[in-house]
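Engineer: The lines below spell out each chain.
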Amino acid sequence: MTHQMHAYHMVNPSPWPLTGALSALLITSGLMMWFHSNSIFLLVLGLITNILTMFQWWRDIIREGTFQGHHTPIVQKGLRYGMILFIISEVLFFTGFFWAFYHSSLVPTTELGGYWPPAGIKPLNPLEVPLLNTAVLLASGVSVTWAHHSILEKDRINAIQALIVTISLGLYFTLLQIMEYYESPFTIADSVYGSTFFMATGFHGFHVIIGSSFLFICLMRQLKFHFTSNHHFGFEAAAWYWHFVDVVWLFLYVSIYWWGS
Amino acid sequence: MLRNLLALRQITQRTISTASRRQFENKVPEKQKLFQEDNGIPVHLKGGLADALLYRATMLLTVGGTAYAIYLLAMASFPKKQN
Numbered sequence: 000m001t002h003q004m005h006a007y008h009m010v011n012p013s014p015w016p017l018t019g020a021l022s023a024l025l026i027t028s029g030l031m032m033w034f035h036s037n038s039i040f041l042l043v044l045g046l047i048t049n050i051l052t053m054f055q056w057w058r059d060i061i062r063e064g065t066f067q068g069h070h071t072p073i074v075q076k077g078l079r080y081g082m083i084l085f086i087i088s089e090v091l092f093f094t095g096f097f098w099a100f101y102h103s104s105l106v107p108t109t110e111l112g113g114y115w116p117p118a119g120i121k122p123l124n125p126l127e128v129p130l131l132n133t134a135v136l137l138a139s140g141v142s143v144t145w146a147h148h149s150i151l152e153k154d155r156i157n158a159i160q161a162l163i164v165t166i167s168l169g170l171y172f173t174l175l176q177i178m179e180y181y182e183s184p185f186t187i188a189d190s191v192y193g194s195t196f197f198m199a200t201g202f203h204g205f206h207v208i209i210g211s212s213f214l215f216i217c218l219m220r221q222l223k224f225h226f227t228s229n230h231h232f233g234f235e236a237a238a239w240y241w242h243f244v245d246v247v248w249l250f251l252y253v254s255i256y257w258w259g260s
Numbered sequence: 000m001l002r003n004l005l006a007l008r009q010i011t012q013r014t015i016s017t018a019s020r021r022q023f024e025n026k027v028p029e030k031q032k033l034f035q036e037d038n039g040i041p042v043h044l045k046g047g048l049a050d051a052l053l054y055r056a057t058m059l060l061t062v063g064g065t066a067y068a069i070y071l072l073a074m075a076s077f078p079k080k081q082n
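As you go down the protein sequences, you meet chains A and B in turn. Numbering follows numbering that gives the first Met the number 0, with no gaps: position 26 of the first sequence is 25. Numbering follows numbering that gives the first Met the number 0, with no gaps: position 23 of the second sequence is 22.
In short, the hints are calculated from the structure, not lab data. All values derive from a computational prediction rather than experimental measurement. C-beta: ideal position from N, C-alpha, C; glycine also. Each hint should be verified, as a subset may be incorrect.
[As the list claims (entries may be wrong)] Taking CB as the label site, the calculated pair distances span: (1) B/K80 x A/M198: 55 to 61 Å; (2) A/I73 x B/L59: 18 to 24 Å; (3) B/I40 x A/N37: 27 to 33 Å; (4) B/A51 x A/H2: 25 to 31 Å; (5) B/K26 x A/I187: 29 to 35 Å; (6) A/V253 x B/D37: 55 to 61 Å; (7) A/F85 x B/K26: 26 to 32 Å; (8) B/A49 x A/S212: 46 to 52 Å; (9) B/R55 x A/Y181: 38 to 44 Å; (10) B/A66 x A/S260: 47 to 53 Å; (11) A/W258 x B/L44: 29 to 35 Å; (12) B/I40 x A/P184: 19 to 25 Å.
[Said to hold, decoys possible] DMTMM-like mimics (lysine to aspartate or glutamate), calculated; alpha carbons at most 25 Å apart, straight line: (13) A/K121 x A/E63; (14) B/K26 x A/D154; (15) A/K153 x A/E110; (16) A/K76 x B/E24; (17) A/K76 x A/D189; (18) B/K80 x B/D50; (19) B/K26 x B/D37; (20) A/K153 x B/D37; (21) A/K121 x A/E110; (22) A/K223 x A/E182; (23) A/K76 x A/E235; (24) B/K30 x A/D154; (25) B/K26 x A/E89; (26) A/K223 x B/D50; (27) A/K121 x B/D37; (28) B/K45 x A/E152; (29) B/K30 x A/E235; (30) A/K76 x B/D50; (31) B/K32 x B/D50; (32) A/K153 x B/E36; (33) B/K32 x A/E63; (34) B/K26 x A/D189; (35) A/K153 x A/E89; (36) B/K30 x A/D189; (37) B/K26 x B/E36; (38) B/K45 x B/E29; (39) A/K223 x A/E89; (40) B/K26 x B/D50.
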């Protein structure tokens, strides 16, 4: 049996990059079939294969790190850089939507009446559900920090409780937003106001769902004793992502809900 | 009221039977032994039969779906002539 003489991780050949790339092809061509040929089969197939790929790829990473011991300190450093760079790319993604919002709202065109919010738009009251949503996400930022400290202090029960609280708050936010979307007096088709509002808050909501799912996986792993007090990077990555989601909401709240009303 | 709450907590703690208690025992050492076995199996198949089945299903769906997507592309590239 050969042994490596270095602390880096040379992964086994894996089929998941290929299946992931093919699933992306199926999702994009599936969208075309849906838009132009009234068929969702290819799109659904793409989404299923995408989920299968993600499940197996991340399952393998857990096996490599927690069960095979490949995540040495230097490998963990690389994973940290990777997560940070990914979050930066997501910040840039949202920057685009905020740019679009400010572009349209700082210089409202004559078609809108020359003012913002545009003529005919009745914006949501920022002091009602949006303010509650802000409180919910800020509280979840506190509870995820509580979870982290519990893990550091080897407090298993508290870590589990804190993760449950965080995930519940995330779900509560999502439910409140779904209700807001349903009750909203304006739609995505209502001028550039509707476009910017729903694109920005819609993608944010999607990221809340992703973050909640990531935290849920961390809860499962915590229940299964995967995390130790000095090695729990998966949890830290989820917590960083969650804080990012929270900060994006704060920008949304101040810019679109508050200033934009 | 608080005493009832404490009693309820004790009952639920005692009710967890041996079978379900096994669910919350640390099985990481077993997993470590399984995945560190020197059998040359790559990590994506090393868990057993379920891994192989899931892998085959994923490959079948993705490769099959790709073939179908290319077929649809070919069909869409040559529209039928209308009189």
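Engineer: Determine for every hint whether it applies to the structure shown.
Structural biologist: For each hint, the structure was consulted:
At about 41 Å, the beta-carbon gap between B/K80 and A/M198 misses the expected band of 55 to 61 Å. Here the CB-CB span from A/I73 to B/L59 is close to 38 Å, at odds with the stated 18 to 24 Å. Between B/I40 and A/N37, the C-beta spacing of about 45 Å breaks the proposed range 27 to 33 Å. For B/A51 paired with A/H2, a C-beta distance near 27 Å keeps the hint of 25 to 31 Å intact.
Distance hint check: the CB atoms of B/K26 and A/I187 are about 48 Å apart, inconsistent with the given range 29 to 35 Å. Between A/V253 and B/D37 the Cβ separation comes to about 57 Å, which falls inside the hinted range of 55 to 61 Å. At about 31 Å, the beta-carbon gap between A/F85 and B/K26 stays in the expected band of 26 to 32 Å. Between B/A49 and A/S212 the CB atoms are about 22 Å apart, so this pair departs from the stated range of 46 to 52 Å.
About 42 Å separates the C-beta atoms of B/R55 and A/Y181, a value consistent with the hinted range of 38 to 44 Å. Look at B/A66 against A/S260: about 51 Å separates their beta carbons, and that is inside 47 to 53 Å. Under the hint 29 to 35 Å, the C-beta atoms of A/W258 and B/L44, about 54 Å apart, miss the expected range. The beta-carbon spacing between B/I40 and A/P184, approximately 59 Å, falls outside the hinted interval of 19 to 25 Å.
Restraint check for A/K121 and A/E63: the C-alpha separation of about 53 Å exceeds 25 Å, so the hint is violated. Restraint check for B/K26 and A/D154: the C-alpha separation of about 18 Å stays at or below 25 Å, so the hint holds. Straight-line distance between C-alpha atoms of A/K153 and A/E110 comes to about 60 Å, which puts the hinted pair past the 25 Å bound. Taken as a hint, the A/K76 and B/E24 pair is broken in the structure, with Cα atoms around 30 Å apart against an allowance of 25 Å.
Between A/K76 and A/D189, the direct Cα distance comes to roughly 47 Å. Violation of the 25 Å bound is thereby established for this hinted pair. Distance restraint check for B/K80 and B/D50: the Cα-Cα separation of roughly 48 Å exceeds the 25 Å cut-off, and the hinted pair is therefore not satisfied. For the given pair, B/K26 sits about 20 Å from B/D37 by alpha-carbon distance, which is consistent with the 25 Å threshold. As the CA atoms of A/K153 and B/D37 are separated by approximately 32 Å, the hinted pair breaks the 25 Å bound.
Proposed proximity of A/K121 and A/E110 is supported: the alpha carbons are some 16 Å apart, at most 25 Å. Under the criterion of a C-alpha separation no larger than 25 Å, the hint pairing A/K223 with A/E182 is inconsistent with the structure, at around 41 Å. With a C-alpha separation of about 12 Å, the suggested pair A/K76 and A/E235 falls inside the 25 Å cut-off, and the hint holds. Restraint check: the Cα-Cα separation between B/K30 and A/D154 comes to about 23 Å, which is no more than 25 Å; the hinted pair holds.
For the proposed pair B/K26 and A/E89, the alpha carbon gap of about 36 Å is over 25 Å, so the pair is violated. Only pairs whose Cα atoms come within 25 Å are accepted, and A/K223 paired with B/D50 is accepted, the gap being roughly 20 Å. Taken as a hint, the A/K121 and B/D37 pair is broken in the structure, with Cα atoms around 66 Å apart against an allowance of 25 Å. Our distance criterion of 25 Å between C-alpha atoms is broken by B/K45 and A/E152, whose separation comes to about 33 Å.
For the proposed pair B/K30 and A/E235, the alpha carbon gap of about 23 Å is at most 25 Å, so the pair holds. With a C-alpha separation of about 29 Å, the suggested pairing of A/K76 with B/D50 is violated against the 25 Å cut-off. The suggested pairing of B/K32 with B/D50 holds, with an alpha-carbon distance near 17 Å, which does not exceed 25 Å. Proposed proximity of A/K153 and B/E36 is contradicted: the alpha carbons are some 29 Å apart, above 25 Å.
The hinted pair formed by B/K32 and A/E63 meets the criterion: a straight-line CA distance of about 12 Å does not exceed 25 Å. Pair hint B/K26 plus A/D189 does not hold up; C-alpha atoms about 55 Å apart against a cutoff of 25 Å. In summary, the hint linking A/K153 to A/E89 is not supported, as the alpha carbons are separated by about 32 Å, beyond the 25 Å threshold. With a C-alpha separation of about 55 Å, the suggested pairing of B/K30 with A/D189 is violated against the 25 Å cut-off.
Proposed proximity of B/K26 and B/E36 is supported: the alpha carbons are some 16 Å apart, at most 25 Å. Under the criterion of a C-alpha separation no larger than 25 Å, the hint pairing B/K45 with B/E29 is consistent with the structure, at around 13 Å. Of the supplied pair hints, the one linking A/K223 and A/E89 is violated, its CA atoms being roughly 30 Å apart against a limit of 25 Å. At roughly 19 Å between alpha-carbon atoms, B/K26 and B/D50 fall within 25 Å of each other, so this suggested pair holds.
When held up to the earlier numbered hints, the structure conflicts with 1, 2, 3, 5, 8, 11, 12, 13, 15, 16, 17, 18, 20, 22, 25, 27, 28, 30, 32, 34, 35, 36, 39 and fits the remainder.
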